[in-house]
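Protein chains: 2
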Amino acid sequence: MKEFNLQCPIPISDYPRVLLAHGGGGKLMHNLIEKMFSAAFSNDILQQDHDSVQIQIDSAKIAYTTDSYVVKPIFFPGGDIGSLAVNGTVNDLSMSGAVPKYLSLGLIIEEGFAMNHLWLVVQSIALAAGAAGVKIATGDTKVVDKGKGDGIFINTSGIGLIEHNLNISPKNIQNGDVIIINGDIGRHGIAIMAEREGLEFEHTIESDCAPLNEIVQNIINAGIDVHCLRDLTRGGLSSTLNELASSSLKEIIIDEISVPVHEDVRGACEILGFDPMYVANEGKFIAIVPAKDAAKCLEVMIAHQYGADSSIIGRINSADEAIVKLKSRIGTMRILDMLSGEQLPRIC
Amino acid sequence: MKEFNLQCPIPISDYPRVLLAHGGGGKLMHNLIEKMFSAAFSNDILQQDHDSVQIQIDSAKIAYTTDSYVVKPIFFPGGDIGSLAVNGTVNDLSMSGAVPKYLSLGLIIEEGFAMNHLWLVVQSIALAAGAAGVKIATGDTKVVDKGKGDGIFINTSGIGLIEHNLNISPKNIQNGDVIIINGDIGRHGIAIMAEREGLEFEHTIESDCAPLNEIVQNIINAGIDVHCLRDLTRGGLSSTLNELASSSLKEIIIDEISVPVHEDVRGACEILGFDPMYVANEGKFIAIVPAKDAAKCLEVMIAHQYGADSSIIGRINSADEAIVKLKSRIGTMRILDMLSGEQLPRIC
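The listed protein sequences correspond, in order, to chains A and B. Under the numbering used here, the first residue of the first sequence is numbered 1, with each subsequent residue one higher. Under the numbering used here, the first residue of the second sequence is numbered 1001, with each subsequent residue one higher.
Just to be clear, a hint being listed does not mean it is correct.
Unchecked claim - DSS-like cross-link-like pairs, simulated, lysine-lysine; straight-line CA separation at most 30 Å:
#1 A:K135 - B:K1325
#2 A:K27 - A:K72
#3 B:K1292 - A:K101
#4 B:K1035 - A:K101
#5 B:K1148 - A:K146
#6 A:K101 - B:K1101
#7 B:K1292 - A:K61
#8 B:K1171 - B:K1061
#9 B:K1325 - B:K1292
#10 A:K72 - B:K1171
#11 B:K1035 - B:K1325
#12 A:K148 - B:K1148
#13 A:K171 - A:K146
#14 A:K327 - A:K171
#15 B:K1292 - A:K135
#16 A:K101 - B:K1171
#17 B:K1061 - B:K1325
To be verified - To list a few chain B residues with every Cβ distance to chain A over 10 Å, as calculated:
#18 E1111
#19 F1201
#20 I1312
Stated by the list, open to error - Partial list, computed: chain A residues near chain B (C-beta under 10 Å):
#21 I10
#22 I45
#23 A60
#24 Y102
#25 E110
#26 A137
#27 K148
#28 A295
Derived by calculation from the structure, the hints in this document are not laboratory data. Idealized CB from N, CA, C, for every residue including glycine.
Between the sequences and the hints, there should be enough to build the whole structure, so can you do that?
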């Protein structure tokens, strides 16, 4: 049996205490996962470089994932913590091409939380599960004393069935592959931020929170040779691209002018000092496909309600270097780095 | 599609806000689950009356469960929140006779939590997973602002394989069945309470936190016709028995003198004003088996390290009434009811 190792792998001198940024999807979080969690839990399953892992059970291949939701505020334009907890986990399963089937639901409620708010959240979970075609299979409720939580935190885990024979993985990203996004970025993060800070814009910016399982199945059913799928949550498009560049050891070139950003979101980002490339989404993903399949994939995506504004935004360059480069609107090239911490804490 | 129902099923006049007791394993929690959660999420899977649900995937039958852990304090004699989060979910899977295989791990950490405490918890999780033979397959980390959490909360979900053909379910409890417990009760709850309140006893009372998958497999492999299994967590032996009586519509008779209680636990309960029948355990379960198999089952359980003090504690009476009766040490019979709220908040 393994024994306790008293030497903490994150040097105490650097970070004696956990920072908000350790949960922010940036470099600090990746450092924590790699040095502490991967070191402690190393096994053949966990090593997979995915939002969900693949597990063979008899003749069946399942996808399995988990996420906790601590979004603040819990109600926001376009969604709430309940719909987020369903769609977020549905989307993590979908990104391996799995058909999401079953969710677990763990509620941590703060003493004093309004019973009618709980009822709204519970109904939102039920509606989102119905819309995504998944069943809430098992659940648990804990209540913590007042002042030791923040209204409600939700954990969902999910099980999906993998029925395709594709190799959907960052490791399968190939030179010349084309990157397609299913619509405009930054709406979830800005919706949360505006609600939290009481900002008002000319038009209310709604979260893009949505289930992506159907649009992904449409792509797979169309016979597209999908190489990789990834949703654009914490850390936004930029962090996702950096993770993929790092996992695949490929150079990624993005054409800024092709990345859809709604003018309201762009305006809000300018006021708040954010770069939309780093702002979280909850209904956006990229599909990385061979150039030969790109037009067809784009067509399938545009035909779906959650892909009407799909766009080809970039490609995998032949240089074997883990880097993301952004060709700006004025034609200059700059490196798109991963953030160290996070722009927006508790965005999901 | 379903629509929002604005009428909260828990009357606002009764409980306008969530109480600690709504998470305590007693009547209030059962009321919340039944009226709110079951009403919103009704489906064929969720209705199963188990700690884990059974799902058919191709030719395989899996068990699936989730639990959040909010125990306070996070380190206590005999364990910590990490070992608890592994063993608790391993045990929920084991109670359907499944072989636990994979766990998910969701961490919600409060900003400012000591990094070396996180490392101790992470290592404890790894050691407990190794001891139980399960893999941490997938994980997620969130950090919430200081004052909006309480150090660390952990959610684990778990997947197990069901390889037996038994019908292990409260619905399969039959008249004349014998109830066997795998050892003395109340140690987890008292260990937590003593640590929380700074109480010192002559001998330190350690939590019984332990994985029960192996002892359960030994029972199944011995060919025992197991009718029902249930671990004795929140609400203790008494709440478990009441749940089983209610699900099976059977009368349960327990012989108080046969229920093992360590003298230190009994003493602590007297000082604290607790009844050990209601105190939580984290390594105790009851097996309900036909009378013909009882002696053999007891023998198998006693042979295991987590069953040395196993004992036959009661039986299912032929009266078809959902009630639990306790034959006291002095021979009188009293009804063992379910608590309304909870004795000990945040015990797991």
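Evaluated hints:
no., hint, in the structure
1, A:K135 - B:K1325, "violated (38 Å)"
2, A:K27 - A:K72, "holds (22 Å)"
3, B:K1292 - A:K101, "violated (41 Å)"
4, B:K1035 - A:K101, "holds (24 Å)"
5, B:K1148 - A:K146, "holds (10 Å)"
6, A:K101 - B:K1101, "holds (19 Å)"
7, B:K1292 - A:K61, "violated (41 Å)"
8, B:K1171 - B:K1061, "holds (19 Å)"
9, B:K1325 - B:K1292, "holds (23 Å)"
10, A:K72 - B:K1171, "violated (42 Å)"
11, B:K1035 - B:K1325, "holds (27 Å)"
12, A:K148 - B:K1148, "holds (6 Å)"
13, A:K171 - A:K146, "violated (46 Å)"
14, A:K327 - A:K171, "holds (24 Å)"
15, B:K1292 - A:K135, "violated (40 Å)"
16, A:K101 - B:K1171, "holds (26 Å)"
17, B:K1061 - B:K1325, "violated (36 Å)"
18, E1111, "violated (5 Å)"
19, F1201, "holds (25 Å)"
20, I1312, "holds (31 Å)"
21, I10, "holds (5 Å)"
22, I45, "holds (5 Å)"
23, A60, "holds (4 Å)"
24, Y102, "holds (6 Å)"
25, E110, "holds (8 Å)"
26, A137, "holds (5 Å)"
27, K148, "holds (4 Å)"
28, A295, "violated (34 Å)"
Comparing the model with each numbered hint stated earlier shows that hints 1, 3, 7, 10, 13, 15, 17, 18 and 28 do not hold.
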